[in-house]
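The listed protein sequences correspond, in order, to chains D and U. Residue 1 is where the first sequence starts when you use UniProt numbering, and the numbers rise one by one after that. Residue 1 is where the second sequence starts when you use UniProt numbering, and the numbers rise one by one after that.
Errors might be hidden in some of the hints.
It does not matter which identical chain is meant; a pair holds if it fits inside one copy or across any two.
[As the list claims (entries may be wrong)] Within a straight-line C-alpha distance of at most 27 Å, the following computed BS3-like cross-link-like pairs (lysine-lysine) qualify:
1) K168 x K43
2) K2 x K161
3) K55 x K24
4) K24 x K94
None of these hints come from the bench; they were simulated from the model.
Spelled out, the chains give:
2 protein chains.
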Amino acid sequence: MKAVILVGPMVDEYEVIVPYSLFKAHDFEVDIASFEKEPVVGKRGVKLELVPNKKFSELSSDDYDAVIIAGGYAPDKVRRDPNVKRFVKEMVEKGKLVLSICHGGWVLISAGVAKGRRITGSQGIWDDLRNAGAEVVDEPVVIDGNVVSVKTWREFPDLIKRMPEILKIAKG
Amino acid sequence: MKAVILVGPMVDEYEVIVPYSLFKAHDFEVDIASFEKEPVVGKRGVKLELVPNKKFSELSSDDYDAVIIAGGYAPDKVRRDPNVKRFVKEMVEKGKLVLSICHGGWVLISAGVAKGRRITGSQGIWDDLRNAGAEVVDEPVVIDGNVVSVKTWREFPDLIKRMPEILKIAKG
Chain D
1 MKAVILVGPM VDEYEVIVPY SLFKAHDFEV DIASFEKEPV VGKRGVKLEL VPNKKFSELS
61 SDDYDAVIIA GGYAPDKVRR DPNVKRFVKE MVEKGKLVLS ICHGGWVLIS AGVAKGRRIT
121 GSQGIWDDLR NAGAEVVDEP VVIDGNVVSV KTWREFPDLI KRMPEILKIA KG
Chain U
1 MKAVILVGPM VDEYEVIVPY SLFKAHDFEV DIASFEKEPV VGKRGVKLEL VPNKKFSELS
61 SDDYDAVIIA GGYAPDKVRR DPNVKRFVKE MVEKGKLVLS ICHGGWVLIS AGVAKGRRIT
121 GSQGIWDDLR NAGAEVVDEP VVIDGNVVSV KTWREFPDLI KRMPEILKIA KG
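Modelling step: build the complete structure from the supplied sequences, incorporating the hints.
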């Protein structure tokens, strides 16, 4: 099984290290993808030790069982990349696991996959989600088919609790 | 079930957020303890959002099923506190779960519980562990009775894999 975490400048550091550890613990290979294969500095000023090993332009939905969209303010930049939009849309359409954390919902919006879905995320993006046609749900973790969303890193205990369900989605 | 994470200035931020999320996910109440009930700045410069709600001087081994000693450089300061030394020693003697991460082994040394034990941790403290009479084991996670050690945050996938065994220790 193979997962990729989408990161960028101002990413929430915790939203990289926790899903990375969780998916590795469940025997996934985990790639880190960004604009370039260079270290990223998170929103708390941390230069992430998990250095991107894939460029967004190299992502193919054939290669992955799961994509994790890390939050913080990175999604504001990440959502602009046409490769990301194509990749996330294909991952959704192919029934693969799409896990959006916090502000990751912005990427779901720009990939055109938010409409008609039940989604949670940072309160800061609730209006954007609604305007994109999503139903915002104020719960720690929301599972809508193969699209899973987590409110913020503070809800990671709930994410961990629900990993068995979430892994089943990735396993198809 | 109740756990406490021991933190201090220059703590490894990841070694607070990950065990916090893991133990909360397994329905533990989780306290954060430090010298004072004030925010702590980690080794990467992050002011931790998980603010200590207990002082070291308030810790009683009767109150907890588990103690997690976070690493980074915090243990260099934490190991000097007589309350910590007493508390950790009692937790070990009472058969409660003691989980040491990375440089957390320094606290095990100063609490006088390293001798004769199989312990892992950051390579930086291997000589200190050996001089204290421990057997250093270069494995991701080492379980010696109720004392569990994790090499560094990079081995959290292995920690997560072994949580079922580790939780059994906490449950007695």
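Okay, the hints, checked on the actual structure:
Taking CA atoms no more than 27 Å apart as the test, K168 paired with K43 passes in neither setting, with 31 Å inside one copy and 37 Å between copies. Taking identical chains as interchangeable, the C-alpha atoms of K2 and K161 lie at most 27 Å apart whether they share a chain (21 Å) or sit on different chains (17 Å). In the homo-oligomer, the alpha carbons of K55 and K24 lie at most 27 Å apart inside one protomer (20 Å), although the nearest pairing across protomers, at 34 Å, exceeds that limit. Only within a single protomer do K24 and K94 lie at most 27 Å apart by alpha-carbon distance; the minimum there is 23 Å, versus 33 Å between protomers.
Taken one by one, the earlier hints fail for this structure only at number 1.
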